[in-house]
Amino acid sequence: MLNSRAGKITSTIATLIVLMAVGSTISSIRAQSSGSIESDRGSYSTFQDALDASQDGDVLTVTSGTHTGNFVIDKSVTVQGVDWPTFDGGGVGNVFTIEAPNVVITGLIIQNSGNKLNSEDAGIEANAPGVVIDGNRIQNTLFGIYLKQAPNGDIRNNVITGMDLEVQRRGDGIRVWYSSDTVIENNDVSLVRDVVLWYSERLTVRNNDIHDGRYGLHFMYDDDALVENNRLTGNSVGAFLMYSRRLQMIGNVVGDNRGPSGYGIGLKDLDDAYVEGNLFADNRVGAYVDNSPRERDSKVEFIDNVFVLNDFGVRLMPSVKRNQYTGNSFVDNQEQVQVAGRGTIEENDWAVDGIGNYWSDYAGFDADNDGVGDVIYKSEKLFENLTDKHPKLRLLTFSPVTQAVDFAAKSFPFVRPEPKLTDPSPLVQPGTVPGLLLDKKVFAWKTLLASLAFVGLAGVVARIGSTKGERNTEQKEAVEPVEPTDPVGGNVIEVIDLSRSFGDVRALQNLTFNLASGEGLALWGNNGAGKTTAIRCILGQVSYEGSVSICGIDVAAKGKLARAKVGLVPQEISFHDDLTVLDTMRLYTKLRKSNHDEGSALLERLSLAPHLSKQVRQLSGGLRQRLALAIALLGDPPILLLDEPTANLDAAARQDFLALLEDLKAEGKALVFASHRPGEVLRLADRVLLLDQGKLVAESEPEDLMTRIGALPKMRIEVGLRNVESAMTALSNDKFETSANRTGVYVTVAPGEKALPIKTLVDAGIPVVDFDLEGTGKGDIDD
Amino acid sequence: MIDLQTVAILSQKEVRDATKSRWLLMFGVGFAVIASALSWMALSGLGSFGVAGFGRTTASMVNMVLLIVPLMGLTLGALAIASERERGALAYLMSQPVTAFEILLSKYLGVAAALIAALLVGFGISGILVVLRGGSSNAGDFLALVGLTVLLALSSLSIGFLLSAGLRRGATAIGLSVFLWLTLAFFSDLGLMGTAVTLDIGVRELLFMALANPLQVYKLATILSIKNDLEVLGPAGVYAMRTYGDALLPILMALFVVWVIAPLGVGFLIFKRRGAF
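Chains H and U are the protein sequences, given in the same order.
Residue 370 in full-length UniProt numbering sits at position 370 of the first sequence, and the numbers go up by one each step.
Residue 128 in full-length UniProt numbering sits at position 128 of the second sequence, and the numbers go up by one each step.
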């Protein structure tokens with residue numbers, strides 16, 4: 001128990017000691033001063049001492065140093081700073097509170113007031129008339145300068161920067177409250193909530209730069225105010241002017257005010273307001289007018305202002321009347337004049353004494369060069385009309401449909417809306433506001449660099465696409481050579497039950513065959529028999545049922561790998577006709593992962609070397625097929641697929657091409673080809689697949705097939721009329737199929753056996769006068 | 001597995017073909033002339049007010065971009081496959097050791113590179129004009145406009161490829177692409193206007209319906225990038241800002257990416273199924 005009481009006493013004493021220590025520290029902080037203070041009464045070490053000793057009319061000169069505390073000036077003194085002495089409120093209350101009239105404060109840094117909105121902590125609070133606050137830097141204070149019932153004040157040349165707080169928690173940069181005849185001039189005010197000017201008459205606000213706040217200026221009940229040559233930029237609202245008479249706003253720059261309401265200026269319940277020569281640029285709304293004027297015999301005048309690139313140049317509430325607009329320029333505002341809601345604005349004047357306004361969307365003319373358009377201006381855009389009535393449609397702003405709708409309205413009068421406003425005397429040249437600019441002009445070198453880079457990039461792309469670009473990426477070595485052929489069971493192609501349908505049409509049905517290296521396989525049949533479909537299936541270009549494997553590779557599963565082992569020569573090849581032979585070869589050399597030497601060798605072998613610089617479109621049919629064959633041979637594939645390869649060639653070219661193919665076959669290439677020409681089949685094929693309507697009708701030797709279809713050629717041998725019968729007997733004895741023809745006989749012969757019937761006749765002693773080889777009607781043979 | 005070397009080779013060929021295309025030439029020149037003229041006119045008379053920055057010009061260019069760039073992307077995309085299929089060139093290409101995906105990807109990359117190059121020329125020239133004319137340009141706005149326009153071009157190109165993947169005649173592809181362009185640029189917005197007024201739908205629904213159109217996605221993203229809010233678009237814009245706040249721009253960009261990838265993906269499936277014929 002005793003211990004417990006003793007503990008409490010000890011604890012209490014300790015607490016008292018701590019509190020005394022803290023109090024002593026605070027008081028020492030609040031009393032701190034440095035620098036020197038000179039007054040008419042002498043020199044002082046602290047500002048408070050100097051202030052205490054001063055008399056009305058004294059000048060206190062404070063040279064540099066920091067003076068911490070909350071100072072109350074209750075004598076009519078001048079406090080002037082030399083070398084920017086700092087007065088620091090220590091984060092509590094007002095830094096200066098002026099209770100005496102005609103106090104002058106100049107040349108000071110005033111900072112760190114309290115931050116309580118309910119006590120309205122300020123850098124300077126004046127409660128007496130005639131104060132002059134000139135050339136100070138007021139920073140990090142909740143309110144900057146607060147005149148409370150302090151008329152005839154003069155606030156000029158100050159730089160006022162508020163606290164870095166959310167805008168709702170900031171105070172006002174300047175607040176003038178029941179303080180008429182105040183002049184606010186040449187101040188720079190930023191990062192504050194508002195500049196509030198209420199219940200004060202005959203205010204002059206001139207040459208101030210108020211930016212990055214909420215309400216640049218907020219007037220209430222301020223008759224006869226003059227707002228002149230100020231810059232109000234980057235605020236939520238430039239100036240909101242309310243419940244006042246005869247307010248003049250002249251020559252101000254009001255720009256980039258884009259907060260939630262975003263008015264350049266807002267006029268509410270104003271009478272006889274006069275707005276002249278201002279620049280309203282890039283605001284959400286240039287000027288908003290609501291119930292102004294409110295009295296019957298008053299008006300609102302807008303004269304020679306420029307509204308440029310605002311979302312809305314002027315927004316009028318439907319009830320607004322007796323506004324006069326003359327000499328203003330409405331330049332490229334998204335909507336020049338908006339009616340906020342349903343109703344009209346027709347009781348306002350858009351021209352005064354024959355002078356209207358400039359409208360950048362005016363489409364009239366000025367034939368008599370008097371500066372006034374000869375056709376009245378009507379604001380009658382249908383889309384604007386729609387969005388005024390249905391604001392949600394503004395979502396479609398900037399869309400092409402807006403122009404379409406307006407165009408339709410112009411073209412079809414029955415959908416044209418009533419004009420929103422009519423200017424009977426539109427000006428044809430925009431006005432100017434000399435000296436007023438929203439932004440300083442700065443040379444946009446970054447944009448210039450970006451633009452140049454864009455053009456350069458485009459040049460790079462063009463170069464990539466050029467032939468030169470291709471050369472640069474030429475492949476010197478085969479990157480991924482085709483895998484060596486290793487046919488399963490000696491077959492390079494195995495096709496099992498291959499079927500392909502197009503809807504209900506069966507293009508191929510259960511086709512089965514195989515092919516070994518060095519073998520030739522012809523696909524024979526009429527058009528639509530399935531030859532080309534079979535080739536496409538083998539290449540994996542179309543889906544199919546059944547199985548196709550190339551060199552043991554399943555085409556359905558690994559089509560790309562399988563295609564590397566196949567060279568295709570189509571019937572009609574579609575190259576890139578503007579490429580040269582050389583460039584075409586280069587492209588496919590890279591694509592087939594071959595190399596330059598092989599490509600060159602193939603061009604040489606196929607006699608294309610003299611044509612390297614020719615464009616493909618300049619080649620004959622034969623040379624194009626040779627080029628196709630050269631490409632097909634890139635990478636040395638074991639299989640060549642040929643789809644009617646000589647169909648478009650003349651006889652000589654055909655012979656050359658077939659000779660080439662025979663050589664390739666002899667070298668071990670497997671050939672699969674579709675053909676209508678018996679001669680081709682007989683020369684190149686070891687086997688023939690006869691297809692009919694997608695079905696394999698027969699598989700046979702070429703000669704058998706030719707015989708079966710009556711496609712073998714006939715030889716006409718001239719023996720003279722009297723020898724015809726004996727010749728037919730001799731030939732029949734040697735198993736030749738014969739028929740008589742006046743003075744000769746027809747003999748059906750197989751390829752490679754054309755000399756045999758001649759020999760038979762000669763052996764039989766029958767003279768051969770002449771012979772000739774004829775086609776069969778199924779196609780030419782060896783022509 | 002994609003063979004990048006093959007893709008590079010074929011893309012280069014596509015760039016070459018595209019840069020020789022009269023369509024691209026026509027569109028590219030048209031775009032450059034209109035963009036330059038628009039920039040020039042947008043600056044005319046505004047310099048004396050100190051508000052002739054490129055950011056302001058940008059806003060006026062959005063409308064032009066919405067009109068021209070989708071037409072460029074759709075037609076070039078629609079021609080990319082169908083015309084080669086018609087000529088038989090695609091069949092020959094597909095007989096080579098390449099996959100359908102490699103061909104489609106190469107074509108897309110090649111045509112996209114050529115299309116973007118044409119746009120960059122247009123923007124580059126207009127940008128140079130603006131700067132030399134004394135416009136106080138904001139490089140960030142300029143880059144945002146260009147970047148988003150490239151995305152719009154890519155999404156239009158993807159939709160064009162989707163059309164092209166299933167067609168075998170160039171004329172059909174052109175016809176369909178023009179019809180689709182009219183739909184995206186005009187008919188859908190007209191329908192939206194009619195629906196909004198007659199059915200009195202809310203701003204939320206209106207916003208969602210609008211965002212089904214990539215042109216509207218572009219418009220919102222561009223305005224948001226440059227102006228930092230969408231209040232200029234009325235209640236629906238305010239709704240979008242207040243509902244999605246800082247997430248709005250990423251959402252719009254994600255939508256854009258979907259509009260680039262999804263049509264191309266579906267186009268690939270059709271192309272793979274249809275092949276060269």
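Rather than coming from a laboratory, the hints here were simulated on the basis of the structure.
There's no promise every hint is true.
Unchecked claim - Interface residues of chain H toward chain U, partial, derived using beta-carbon atoms under 8 angstroms:
1) 294
2) 465
3) 513
4) 572
For every residue, glycine included, the Cβ atom is placed at its ideal position computed from N, Cα and C.
So, going through the hints one by one against the coordinates:
1. Hint on residue 294/H is violated. Least Cβ distance to chain U is approximately 28 angstroms, over the 8 angstroms limit.
2. Proximity of residue 465/H to chain U holds as hinted, the smallest CB-CB distance being about 4 angstroms (cut-off 8 angstroms).
3. Residue-level restraint check for residue 513/H is violated (minimum Cβ-Cβ distance to chain U is 20 angstroms; threshold 8 angstroms).
4. Interface hint status for residue 572/H: upheld, as the beta-carbon distance to the closest one in chain U is roughly 7 angstroms, under 8 angstroms.
Checked against the numbered hints above, the structure violates hints 1, 3; every other hint is satisfied.
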